[in-house]
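K.L.:
Per the working numbering, the sequence shown runs over residues 44 to 569.
Calculated directly from the structure, the hints in this document are not laboratory data.
Just so it is clear, the structure is predicted and the values come from calculations on it, not from any experiment.
Heads up, the beta-carbon is just placed ideally off N, CA and C, and yes, glycines get one too.
You may find that some hints are simply not true.
[As the list claims (entries may be wrong)] Label pairs and their computed distance ranges (CB to CB): (1) Arg87 with Arg364: 56 to 64 angstroms; (2) Asp470 with Pro442: 38 to 46 angstroms; (3) Asp130 with Pro214: 48 to 56 angstroms; (4) Gln503 with Arg87: 39 to 47 angstroms; (5) Asp336 with Glu534: 23 to 31 angstroms; (6) Thr523 with Glu293: 23 to 31 angstroms.
[As the list claims (entries may be wrong)] The list that follows gives simulated cross-link-like pairs (lysine to any residue, SDA-like), each with its CA atoms no further than 20 angstroms apart: (7) Lys494 with Ile451; (8) Lys494 with Ile462; (9) Lys445 with Ala568; (10) Lys486 with Lys497; (11) Lys445 with Thr370; (12) Lys445 with Ser569; (13) Lys389 with Val435; (14) Lys486 with Val435; (15) Lys445 with Leu455; (16) Lys494 with Phe512; (17) Lys494 with Ser483; (18) Lys445 with Thr563; (19) Lys494 with Asp468; (20) Lys497 with Ala568; (21) Lys445 with Lys389; (22) Lys486 with Thr563; (23) Lys497 with Gly471; (24) Lys494 with Lys445; (25) Lys486 with Pro525; (26) Lys389 with Leu248; (27) Lys445 with Val435; (28) Lys485 with Thr466; (29) Lys445 with Phe512; (30) Lys506 with Gly519; (31) Lys445 with Gly519; (32) Lys445 with Leu535; (33) Lys494 with Lys389; (34) Lys445 with Ile462; (35) Lys485 with Gly519; (36) Lys485 with Val564; (37) Lys506 with Val526; (38) Lys497 with Gly513; (39) Lys485 with Thr370; (40) Lys486 with Gly519.
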Amino acid sequence: MAVGVCRAETFAPERMALLAAVASGRSGRLHFTYADPDTATDVRRTFPWARSLVVVAVDYSTVAPSPAPRGAIVARAATADHYRLLDGPLGAIQEVLAAAGQRAERIADDSRFVDRAAALRAGIGWRGRSTMVLTPGPGPWTLLGAVVTDADLDPTARMARDCGRCTACLPACPTGALDGEHLDARRCIAAWLQSPGVIPHWIRLAIGRRIYGCDECLVSCPPGRPALRAAGATTLEIPFADLLAATDAELLERFPWWYVPRRDARHLRRNALIAAGNSREPEAVPGIIGHLDHPSSVIRGHAAWALARSLGRGAVPHLERRLAVETVVEAREEVLLALLMVEEPKRYSALVTPDPADPAPIYSGAMAAKREPVTPAVRAIRAAGIVHVPHVFDYDRHPGAKGAAEAIGVDLHLTVKTIVFATSDGDGVLALMNGDREVSEKKLARLMDVKYVKPAAADQARKWTGYEFGGTSPFGTRTTLPVFCHEEVAELDRIYINAGSRGFLVEMATSDLLQILQPTVADIAS
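Take the sequences, apply the hints, and build the full model.
P.N.:
Now the structure itself:
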């Protein structure tokens, strides 16, 4: 165990680093400290009375089992609720401070606290090229926590140590997510396994047998190897057949300490399917086949991929049966790609392999090879870390909302039109409306408290948004305009909306659209 003290002042460099990661898109779909960098880097926003931090690092390498040669792999930190190891030392420090008449609160594994920055400032470790905090002894195999107090404590000195010339962790990363300075969450296996939705095919291959977390950068770290050797040979075996046969409730009960978005077991089930497919263990095949008929189209799509990985050509009859009844476009694409994997593997590989020239490819849909146009809207969507599926089609053959819906094979009501209006005061406003509905100018004017609104002239709309007619998107506009969203759009689970170019829609969760744009939701339909 290591203990250090630092001042509870703003971690300004870390704040800038978090903001830069979000702006560049490196944060991917991660939220945690990226969601609110200002709060995460200033504990005084949560504890206004804070003066000092007592930072603790505990070694979990001695209690965490290694992966078994078969079955699912779980990162060592997630094999149990190892954060309980912090309860004792943090509680003892809190009691001592309280007995001295000081305020003291514990904080650990919390999005309001950049624990690694605090550990570095308190001098209990140094920053590794993996971005992990390395401490003498266990190296990267530590969990961090702190006690926040109003006591004025003498800070401990920073540790004068670094990784020197060692770069062992960089080539160890299966997806190249590390560059020696930053972690690119768009490439990080652990980040993808904690994210909802579809996982790109090239990431699926790199996931291997993992279902939660990835330890490759830690295992490769020379300062941490002695701790692993001393930990012994205890292993954790999680059979894929058991995972795939478990109910949603059983999956969540088995791993209650894991971060699972919205506690939705489908994310764990998706991970298990990918890992089972990569393992090609015969015992997992019946469970994979059963998931071809799962209620979730995302699960069905990943099951198709996993079955093709497991059985090769033996998967064809099952995939053809699923294709005959599958109605969801993205799931059909997954089944078609799975068939391509076994029937034309070279073509499949060419489709799903990202462009080497792209330093951080983000192919979020089933058709991982679809190279989406890079418009200002796409840049804004990527920067926000929003999972999206690109749909490119021939606009000349399929103009308008109805044409777009027909081109990509979705219900017209699920498409969303972005319409630019000009108010009687000369201001601009964006209205988001279902493809099969029209905007009521009277309702919109009433909501804006103006005399009237009317569709903006093409030149004016282009000046405000930067987009041409037929390619207008609410994302990445040249001028920030107020946005009004029809209530029926907000009620949908997923929508298809223009991404800044004619013949180019992106599919995304409606909740993500609402989070990015923060529109006024109201009845604005005629």
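K.L.:
Against this structure, judge whether each hint is valid.
P.N.:
Hint by hint, here is what the structure shows:
no.	hint	result
1	Arg87 with Arg364: 56 to 64 angstroms	holds (60 angstroms)
2	Asp470 with Pro442: 38 to 46 angstroms	violated (29 angstroms)
3	Asp130 with Pro214: 48 to 56 angstroms	violated (37 angstroms)
4	Gln503 with Arg87: 39 to 47 angstroms	holds (46 angstroms)
5	Asp336 with Glu534: 23 to 31 angstroms	holds (27 angstroms)
6	Thr523 with Glu293: 23 to 31 angstroms	violated (47 angstroms)
7	Lys494 with Ile451	violated (39 angstroms)
8	Lys494 with Ile462	holds (19 angstroms)
9	Lys445 with Ala568	holds (17 angstroms)
10	Lys486 with Lys497	holds (12 angstroms)
11	Lys445 with Thr370	holds (19 angstroms)
12	Lys445 with Ser569	holds (18 angstroms)
13	Lys389 with Val435	violated (23 angstroms)
14	Lys486 with Val435	violated (33 angstroms)
15	Lys445 with Leu455	holds (6 angstroms)
16	Lys494 with Phe512	violated (25 angstroms)
17	Lys494 with Ser483	holds (14 angstroms)
18	Lys445 with Thr563	violated (25 angstroms)
19	Lys494 with Asp468	holds (8 angstroms)
20	Lys497 with Ala568	holds (14 angstroms)
21	Lys445 with Lys389	violated (36 angstroms)
22	Lys486 with Thr563	holds (13 angstroms)
23	Lys497 with Gly471	holds (10 angstroms)
24	Lys494 with Lys445	violated (31 angstroms)
25	Lys486 with Pro525	holds (15 angstroms)
26	Lys389 with Leu248	holds (15 angstroms)
27	Lys445 with Val435	holds (15 angstroms)
28	Lys485 with Thr466	holds (11 angstroms)
29	Lys445 with Phe512	holds (15 angstroms)
30	Lys506 with Gly519	holds (13 angstroms)
31	Lys445 with Gly519	violated (24 angstroms)
32	Lys445 with Leu535	holds (18 angstroms)
33	Lys494 with Lys389	violated (61 angstroms)
34	Lys445 with Ile462	holds (15 angstroms)
35	Lys485 with Gly519	violated (27 angstroms)
36	Lys485 with Val564	holds (16 angstroms)
37	Lys506 with Val526	holds (17 angstroms)
38	Lys497 with Gly513	holds (17 angstroms)
39	Lys485 with Thr370	violated (38 angstroms)
40	Lys486 with Gly519	violated (26 angstroms)
Checked against the numbered hints given earlier, the structure breaks hints 2, 3, 6, 7, 13, 14, 16, 18, 21, 24, 31, 33, 35, 39 and 40 and satisfies all the rest.
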